[in-house]
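J.: Throughout the sequence shown, residue numbering follows full-length UniProt numbering, covering 1 to 232 in sequence.
Everything labelled a hint here was simulated from the structure, so no lab data went into it. Being a predicted model, the structure only gives us computed values, none of them experimental. Cβ atoms here follow ideal geometry from the backbone N, Cα and C, with glycine treated the same way. Each hint should be verified, as a subset may be incorrect.
Simulated restraints on C-beta separations [stated by the list, open to error]: (1) Phe52 - Asp99: 53 to 59 Å; (2) Asn125 - Ala185: 18 to 24 Å; (3) Lys92 - Thr42: 38 to 44 Å; (4) Gly167 - Lys124: 15 to 21 Å; (5) Thr42 - Leu78: 49 to 55 Å; (6) Ile77 - Arg166: 30 to 36 Å; (7) Phe37 - Ile205: 55 to 61 Å; (8) Lys98 - Asp189: 43 to 49 Å; (9) Gly216 - Ile179: 54 to 60 Å.
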Amino acid sequence: MSAWEMVLRTVVAFVVLYVWARILGKKLISQMTFFDFVAGITIGTLTGSVIFTSTIPLWVGLLGLSVFALLCLLTGILSLKSYRWRGVLNGKPSLIIKDGKIQEQALSKNRLTIDDVLFLLREKNVFYLDEVELAYFETNGQLSVLKKPDIMPVTRKDMKFHRSSRGLPHNLVIDGKIIAENLQAIHKDEKWLLSILRAQGVSDISEVVFAQMDDGNSLYFDLRDDRSPRLH
């Protein structure tokens, strides 16, 4: 491929890509679904092939790029017009926490770990699982959180009431595994934790999906079955 042909391919591919980018519209990265992300990468890859693959005629490469971009445009229009198609293409939000209870099946379906959920909650300034009434994992990978009513607004300033901070949470059990270093940080041991759980009717640590304690020594734990989470 000569230098002039490379320049020509680059200029033409740039113009075509720019036109399709304008037609397809703009969307914030935070609003992109997985399909949007994959489609964007594919369009970029096709553009690179048009420029660098001399064995593919320029018009053939541009045709492939344009057909793929047109399909993306059509699926976007269909998702706007049809609720059912939008669900098929983009998926639907998943309820992953209900009344402070982690929905294990939803986590498995979305290939999320408890550590992932805790990270997403911290991004929403939620450090304690028992404060969450509902949490949805959105199709763009974001987490939408509804706090329990007694955690919501008005409190301190409006009521002239001071409440001490709960401090940073200490995650003691994750996926049925005791986090020894966190127990040591609060000067407790496994024997103490197991005795507390047994007193609450939990005979096997593997039954516990998640357990955490605040600086006030309030222990919250979520069980693997459908029993309600508890605060000790």
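J.: Would you mind marking each hint as holding or not holding in the structure?
T.: Status of each hint after checking the structure:
1. Phe52 - Asp99: 53 to 59 Å: The hinted range 53 to 59 Å holds for Phe52 and Asp99, with Cβ atoms some 55 Å apart.
2. Asn125 - Ala185: 18 to 24 Å: Between Asn125 and Ala185, where Cβ atoms are some 22 Å apart, the hint holds.
3. Lys92 - Thr42: 38 to 44 Å: violated (24 Å)
4. Gly167 - Lys124: 15 to 21 Å: holds (18 Å)
5. Thr42 - Leu78: 49 to 55 Å: Since the Cβ atoms of Thr42 and Leu78 sit about 18 Å apart, the hinted range of 49 to 55 Å is violated.
6. Ile77 - Arg166: 30 to 36 Å: The hint (30 to 36 Å, Cβ to Cβ) is violated, given that Ile77 and Arg166 are roughly 49 Å apart.
7. Phe37 - Ile205: 55 to 61 Å: The hint (55 to 61 Å, Cβ to Cβ) is violated, given that Phe37 and Ile205 are roughly 39 Å apart.
8. Lys98 - Asp189: 43 to 49 Å: Given range 43 to 49 Å: violated, Cβ gap about 32 Å.
9. Gly216 - Ile179: 54 to 60 Å: Distance hint for Gly216, Ile179 is violated at roughly 19 Å.
Violated hints, listed in ascending order, are 3, 5, 6, 7, 8 and 9; each of the other numbered hints is respected by the structure.
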